[in-house]
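Chains A and B supply the protein sequences, listed in that same order.
Note that this note's numbering has the first sequence beginning at 6, numbered continuously upward.
Note that this note's numbering has the second sequence beginning at 2, numbered continuously upward.
By construction, these hints were calculated from the structure, which means they are not laboratory data.
Don't take each hint at face value.
Claimed, not checked - Simulated crosslink set (DSSO-like; lysine-lysine; CA at most 27 Å straight-line):
hint, chain 1, residue 1, chain 2, residue 2
1, B, 53, B, 136
2, A, 108, B, 109
3, A, 198, B, 136
4, B, 208, A, 125
5, A, 196, A, 70
6, A, 198, A, 70
7, B, 29, A, 70
8, B, 85, A, 125
9, B, 53, A, 91
10, B, 125, B, 208
11, B, 29, B, 109
12, B, 208, B, 29
13, A, 125, B, 125
14, A, 125, A, 54
15, A, 71, B, 85
16, B, 85, A, 70
17, B, 29, A, 198
18, A, 196, B, 29
19, B, 31, B, 212
20, A, 125, B, 53
21, A, 91, B, 85
22, A, 71, B, 188
23, A, 70, B, 109
24, B, 109, A, 71
25, A, 71, A, 198
26, B, 136, A, 54
27, B, 188, B, 31
28, A, 54, B, 53
29, B, 85, B, 136
30, A, 198, B, 109
31, B, 125, B, 136
32, A, 109, A, 196
33, A, 196, B, 208
34, A, 70, A, 109
Claimed, not checked - Over the 10 Å line for every Cβ pair with chain A, so calculated as not near, a few chain B residues:
hint, residue
35, 33
36, 56
37, 77
38, 84
39, 154
40, 165
Just so it is clear, the structure is predicted and the values come from calculations on it, not from any experiment.
For glycine and all other residues, C-beta sits at the position ideal for the given N, C-alpha and C.
Residue strings, one per chain:
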Amino acid sequence: MEKVKATRFTLIVLLFVQVRVHAQQADIIRPGLIRAQLTISPSYMFGDKHTYFYLHGNLEGFLNKKISVVGETYYYLGDQTSNNSKYEYNHSVFFGLSRHFTKKNNDLYIGLQPGISLTKLNANENNLTSTSVGVNPLFSTVVGYNFFVNRVFHFFVQTRFITGEHNYDIHQSLTELRFSAGLGFNLNMLKAK
Amino acid sequence: MKSKILFLLFVALLCIQGSLRGQDTIPKYKSHAGWVSLGGRSTLSLFDSDGKGIGTGGQFRVQLSNRVNTDWFADYISINVNDKVRSEYIHIGWSVLYYVFNNRQHPKIVQPYIVAGHCFDYNKKTVLLQPGINKDRWGSAVQAGIGSHFNLTERFDISLTCQYMIHLTNELEVEDDGTTVDIVEHKNSSLEGHLLTTVSLNYKIAKLWKK
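Let's have the full structure, built from the sequences with the hints guiding it.
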């Protein structure tokens, strides 16, 4: 009985979403569109073969249908592979632009984002007496896809390849692949022409 | 606290809205002189005696004529020297860009140029496990190379530049005899340098003089 109710509820939600999409397909992706999201992002670091987690936030503004400027932050949450993380923290900030390939409410994009990380190694895990905070230059490329459900929210997936080095205390490669997905919010700040 | 965050978010949205209102189209002028661009950059440093490294920075441009642009930049590059020493470079300088062909602005995508300039060059080398052992120096450098804008919109471009930078100063060298690591300063200027490949993102924000 519960299962039937749940299925009915899901169908109603899907129907509602579909109706909204059809009603509002006209030009959600246009100059002035701002989108933002906050999600938990897992990663794979190639240097130590560990999986880390970040709180990933971004804010993006569309200059036209094809180009957007974007700022993104990752707040280090910890290591999933091991109880004792190699890093005390490894926060990072990126800024750059993306080239979008849009069709109706579908938005596939690639982007370039230079950035910096604020990284500190865990002294115990690295057999050091103390560690210092390092500011490390990073370079990243992103590939992602957004589906704009309506004028308020969208679903997104994103993959980011990061390359960089932590050159404090012990050299560590910061080359990493990060994945993000979830629900984001969007708003058209300019009137459609 | 909550109201402060909301206020900051509101201000950020207002700023973004303002910049978006500018959009990517620009009024038509006879000359491109006077355009000021602002942007960020990533730099790959190769063929340095220290090794390869990655840098991050920013720049602004002031265009002087249809064929001549100027690039004012700052970079921070970090290089790992054999897992033992950190070599950090800060470049603050300027370059002149000369467009090889006339009228290659948007909607044309590729706008090649030759580039040459000068910068102030700071280098600090630090032994990783003994940060007390370090040396730094300020110097001067010249750089020259080639590059191209890739004009994505009238205001936005991605630029790829490849230039060789020669340091006109005494270099710091790492001396490693297997048991101890030390940093020493060369007595003579060695004209050493590195190949810098830069990807930069640029946005035209204003026209200083209108012609």
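We went through each hint and held it up to the structure:
1. 53/B / 136/B: holds, 20 Å
2. 108/A / 109/B: holds, 24 Å
3. 198/A / 136/B: Between residue 198/A and residue 136/B the Cα gap is close to 59 Å, so the pair fails against 27 Å, i.e. violated.
4. 208/B / 125/A: Distance ~43 Å between residue 208/B and residue 125/A Cα, so the pair is violated.
5. 196/A / 70/A: holds, 14 Å
6. 198/A / 70/A: holds, 13 Å
7. 29/B / 70/A: holds, 22 Å
8. 85/B / 125/A: OK: residue 85/B and residue 125/A at ~17 Å, within 27 Å.
9. 53/B / 91/A: With Cα atoms ~24 Å apart, residue 53/B and residue 91/A stay inside 27 Å; holds.
10. 125/B / 208/B: violated, 38 Å
11. 29/B / 109/B: Holds: residue 29/B and residue 109/B sit about 16 Å apart, inside 27 Å.
12. 208/B / 29/B: holds, 11 Å
13. 125/A / 125/B: holds, 20 Å
14. 125/A / 54/A: With Cα atoms ~18 Å apart, residue 125/A and residue 54/A stay inside 27 Å; holds.
15. 71/A / 85/B: violated, 45 Å
16. 85/B / 70/A: Cα-Cα ~48 Å, so violated.
17. 29/B / 198/A: At roughly 20 Å apart (the allowed maximum being 27 Å), residue 198/A and residue 29/B satisfy the hint.
18. 196/A / 29/B: Within the cut-off at roughly 24 Å; holds.
19. 31/B / 212/B: holds, 6 Å
20. 125/A / 53/B: Cα-Cα ~22 Å, so holds.
21. 91/A / 85/B: Holds: residue 91/A and residue 85/B sit about 19 Å apart, inside 27 Å.
22. 71/A / 188/B: Not satisfied, since the Cα-Cα distance of roughly 54 Å exceeds 27 Å.
23. 70/A / 109/B: holds, 18 Å
24. 109/B / 71/A: holds, 16 Å
25. 71/A / 198/A: holds, 17 Å
26. 136/B / 54/A: This hinted pair is violated, its Cα atoms lying about 34 Å apart.
27. 188/B / 31/B: violated, 53 Å
28. 54/A / 53/B: holds, 22 Å
29. 85/B / 136/B: Given pair residue 85/B, residue 136/B holds - Cα atoms ~14 Å apart, limit 27 Å.
30. 198/A / 109/B: Measuring from Cα to Cα gives roughly 25 Å; hence the hint holds.
31. 125/B / 136/B: holds, 6 Å
32. 109/A / 196/A: holds, 18 Å
33. 196/A / 208/B: holds, 26 Å
34. 70/A / 109/A: Since the Cα atoms of residue 70/A and residue 109/A sit roughly 11 Å apart, the hinted pair holds (cutoff 27 Å).
35. 33: Its Cβ never comes within 10 Å of chain A, the nearest being 19 Å, so this holds.
36. 56: violated, 5 Å
37. 77: The claim is violated: residue 77/B sits with its nearest Cβ about 6 Å from chain A, within 10 Å.
38. 84: violated, 4 Å
39. 154: Label violated. Min Cβ-Cβ 6 Å, cutoff 10 Å.
40. 165: holds, 20 Å
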